[in-house]
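Undergrad: Use these hints to put chain B onto chain A, whose structure you have.
Here the protein sequences line up with chains A and B, keeping their order.
Quick note on our numbering: the first sequence kicks off at 2 and runs consecutively.
Quick note on our numbering: the second sequence kicks off at 97 and runs consecutively.
Treat the hints with care, since some could be wrong.
To be verified - Far from chain A, by Cβ distances over 12 Å, these chain B residues were calculated:
{"#": "1", "residue": "Val-166"}
{"#": "2", "residue": "Arg-181"}
{"#": "3", "residue": "Phe-227"}
{"#": "4", "residue": "Gln-231"}
{"#": "5", "residue": "Ile-278"}
{"#": "6", "residue": "Thr-375"}
Stated by the list, open to error - Some, not all, of what chain A presents toward chain B, calculated at C-beta under 7 Å:
{"#": "7", "residue": "Ile-127"}
{"#": "8", "residue": "Leu-291"}
{"#": "9", "residue": "Val-303"}
{"#": "10", "residue": "Arg-314"}
{"#": "11", "residue": "Leu-317"}
Hints were generated in silico from the structure; no laboratory data involved.
Where a beta carbon is used, it is the ideal one built from N, C-alpha and C, also for glycine.
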Amino acid sequence: MSAPRSSSGYWMGFAIVLALLAAAPLVLPEFWRRFVTEILIWGLLAMSSDILIGYTGMISFGHSAFFGLGMYGAAAALLTVRPPNLWLALLYGLIGAGVIAAFVAYFATRLRDIYFAITTLVFSQIFYVIIFTWTEVTGGENGLTFRQPPFSVPAVLSVPFTPVTLHWFVLAVVALSYLLLRRITQSPFGMVLQSIRENEPRTRAIGYHVERYKIVAVMLSGLFAGLAGVLYAVQNKFAAPDFVFFLISGEVVIFNVMGGMGTLVGPVAGAAFFLLLREVFSRFFTEYYLIPVGVIFTLMVVFMPQGLLGFLRRRLNQ
Amino acid sequence: MAEQLLIQLLIGLSSGMILALVASGLTLIFGIMDVVNFAHGELFMLGAYMGTTVLVTTGSFWLALLGASVAIALLGAALQITTLRPLVGRDPLTTILATFGISLVLQNYALWQYGPVARKIQEPITSQFQFFHIQFPWYRIVIAILSAAIIGALWLFLKYGKYGIWIRATTQDRIMASAMGIPVPLVHTAVFAIGSAMAAASGVLFGPLVGVNHAMGLDWILKAFIVVVVGGMGNLGGSILASLFVSLLEAFASLWVSPAQAVIVSFVVLILTLLFRPTGLFVPTPK
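Looking at chain A on its own, in the form it has when it is part of the complex (with noise of 0.2 Å):
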């Protein structure tokens, strides 16, 4: 399907962007070096809902809420379980984001295009509500607070994390997530998946059982988000409902629409670009900035719906 020489291109790429990220916190001042490892984070959300909207042409409005359940999810390891561990933290986090993520799944598949993007907006607000109002349990409006875990190794090894060192974590998580994605988009899976977005009445008519695969494209989706939403809870040390309200979701439509859908990589550029441009322009318009920053969006989705890597997309796909 694909010639090697492009495929040697393709992987060349990826080894000096991965390179360049690794040697990001070594010269980086202390703000950036954090900013590089945001982008990471929020990437790593963007690249799970791409799943959905890409690939599967699904709009997810709801991808906050498993963002945010493994937050808590982490949250909820760290903060009961002595000392703290930080693979307990991320089988919370991905178990909590699971479930809810098979919550929403086996409801919002039966509904397709508009409906679907409705109901996943409709359950993130359940889940903020709930997190907002049950204060005895999510810390309610003030969130969670809790300390960073050491890196460890079990009976091996456990330190400390460091800036630079949580940004190498952050970067293997993110990049092994990466490449764990590109292959499920790739295999038969992800090319009904594609199938599905292309055409479903046809998908259905061939005998592939669209809504199961829907299902499980969601739960996927759901727990890579969870996975950022941990390694968002680790890096910041805390968890918070503002992290689960629909407002998260919109950003993380945005950063696909801006980086580009179905390319994987494009999302990362996406979160990248988004908060290039939330840094610009908070310096002129202070909190504002959503002003230029949407406009920029809109004229993008009119002028522009490819994206910024959108004309990448046959090259990242292959």
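TA: Frame of chain A; chain B shown alone:
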């Protein structure tokens, strides 16, 4: 207890009619243009703000209602021409994205222009009547009647008006309508403007009951979406019934739980609807 229920019944009915007004605008735009207007809540919010501005300058609530509706209708028409018209023929999902972008801009514009402090619209009718043990404001009754009147006028217009027939023809068959000499792009712009005006009118009407602030749009758009899905998307009668149904349930639920939690009731209604009747509660079973 019985009187509590009756009081909540009145409250539920009056806010249900406002919700119906918001939802009918949304349904109208969706049914005719296949556009999910994410910015609808923001038009509602801007309408309320525009109402406060006109009210301050003229002192007349009814002028504020009219002025805000006209201004937001013009804004809606401008938005439709600049961002939605180029998207005709593309995947309907792109219209969600475009209107979502618009809603971000409008919401933050309102925050920038009017600041974070909520504003108050003085209700035109301050008198109250004795209803069991509480003083019930006449204004709530007036809103319900006015909303019903606006929706009724819309229905009559769609049913009998010349341009209403144009709109219905466009819904049924865009190409055929265009072949018959109906200016379809113009009809779309007009429909968007009418929907926007309805959102603005409900914003002004509802303004006196709550504060006017930049985030009020989100609550409403969410409720309106729920109602529109529960009522059967694109079905005007269904969304009105669903508005009343959901608002009444929320009003009754607030007898036992806090208002923030009462919102969950409508979410539950949505989930149950999706489970058992995904095409909508108040529509005939599809064949």
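Undergrad: Evaluate each hint against the coordinates.
TA: Against the structure, the hints:
no., hint, verdict
1, Val-166, "24 Å, holds"
2, Arg-181, "10 Å, violated"
3, Phe-227, "30 Å, holds"
4, Gln-231, "30 Å, holds"
5, Ile-278, "25 Å, holds"
6, Thr-375, "10 Å, violated"
7, Ile-127, "5 Å, holds"
8, Leu-291, "4 Å, holds"
9, Val-303, "5 Å, holds"
10, Arg-314, "16 Å, violated"
11, Leu-317, "21 Å, violated"
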